[in-house]
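A.B. asks: First to last, the protein sequences are chains A and B. Per the numbering used here, the first sequence starts with residue 1, numbered consecutively. Per the numbering used here, the second sequence starts with residue 1, numbered consecutively.
It is possible that part of the hints are untrue.
[Said to hold, decoys possible] Cross-link-like lysine-lysine pairs, in silico, DSSO-like; alpha carbons within 27 angstroms at most:
1. B:Lys105 to A:Lys9
2. B:Lys61 to A:Lys100
3. B:Lys105 to A:Lys100
4. A:Lys100 to B:Lys49
5. B:Lys61 to A:Lys14
6. B:Lys49 to B:Lys68
7. A:Lys14 to A:Lys100
8. B:Lys68 to B:Lys105
No lab work stands behind these hints, which were simulated from the structure alone. None of these values were measured; they are calculated from a predicted model.
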Amino acid sequence: NAGVTQTPKFQVLKTGQSMTLQCAQDMNHEYMSWYRQDPGMGLRLIHYSVGAGITDQGEVPNGYNVSRSTTEDFPLRLLSAAPSQTSVYFCASSYATNEKLFFGSGTQLSVL
Amino acid sequence: AQSVTQPDIHITVSEGASLELRCNYSYGATPYLFWYVQSPGQGLQLLLKYFSGDTLVQGIKGFEAEFKRSQSSFNLRKPSVHWSDAAEYFCAVGRSGYSTLTFGKGTMLLVSP
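This is chain A alone, in the form it adopts within the complex (with noise of 0.2 angstroms):
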């Protein structure tokens, strides 16, 4: 049982280059998120999805972009990369709300 998987691990950007953060769960959880991890921030919520074809924002969501085709993916898109957009990003995924998060082992992204 793999869990959440996320892809790549390590990226390197320039600005205005455009890319997607990979997310797959084999849980069959219903409910996914995307959260950036910045130094002294903890971690804030870019976009969630309560199911395939259901997405919405959260605290960060400005220049990113999701979609959920299906249970399993969930990914992220960074449209036009900014140095801002410097972070660590978490794919997370739970079976019911108010539930334990199952966490990815995360994505770091460098903007140059």
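Using the hints provided, position chain B relative to the given structure of chain A.
C.D. replies: Below, chain B alone, put in the same frame as chain A:
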């Protein structure tokens, strides 16, 4: 909106000494409260969770937390710290009916020999 405050950015504890990490939350209703731990370069692991019932919650790795509604606090404790407990600890609050969490800014625990 809900919020979480972890007043201590860093704490240093001697190995074998007791530990208390502070967490204060703001939420209008009964909160769902969590403590997570993050080792360097790793994802987050759940230590314990509280919603209702006994206000003293037992978690993994010998940790416990006490919910005090009057103080809006959910402090994490451990009687005897081990070197392997050195990590960053996050308190988080969840809204009823939601799967997402609001995290505090974290407390980095350093364990001295």
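A.B. asks: Run every hint past the structure and note whether it holds.
C.D. replies: Here's how the hints hold up against the structure:
1. Taken as a hint, the B:Lys105 and A:Lys9 pair is honoured in the structure, with Cα atoms around 23 angstroms apart against an allowance of 27 angstroms.
2. The straight-line distance between the Cα atoms of B:Lys61 and A:Lys100 is roughly 17 angstroms, inside the 27 angstroms bound, and the hint therefore holds.
3. Taking the CA atoms of B:Lys105 and A:Lys100, the gap is about 19 angstroms. The hint holds against a cut of 27 angstroms.
4. Simply put, A:Lys100 and B:Lys49 have alpha-carbon atoms about 8 angstroms apart, close enough for the 27 angstroms limit, and the pair holds.
5. Our distance criterion of 27 angstroms between C-alpha atoms is broken by B:Lys61 and A:Lys14, whose separation comes to about 42 angstroms.
6. Annotation: proposed proximity of B:Lys49 to B:Lys68 holds, straight-line Cα distance about 14 angstroms (limit 27 angstroms).
7. Taking the CA atoms of A:Lys14 and A:Lys100, the gap is near 35 angstroms; set against the 27 angstroms cutoff, the hint is violated.
8. This hinted pair checks out: B:Lys68 and B:Lys105 have alpha carbons roughly 20 angstroms apart, not beyond 27 angstroms.
Hints 5 and 7 from the earlier list are contradicted by this structure; the remaining hints agree with it.
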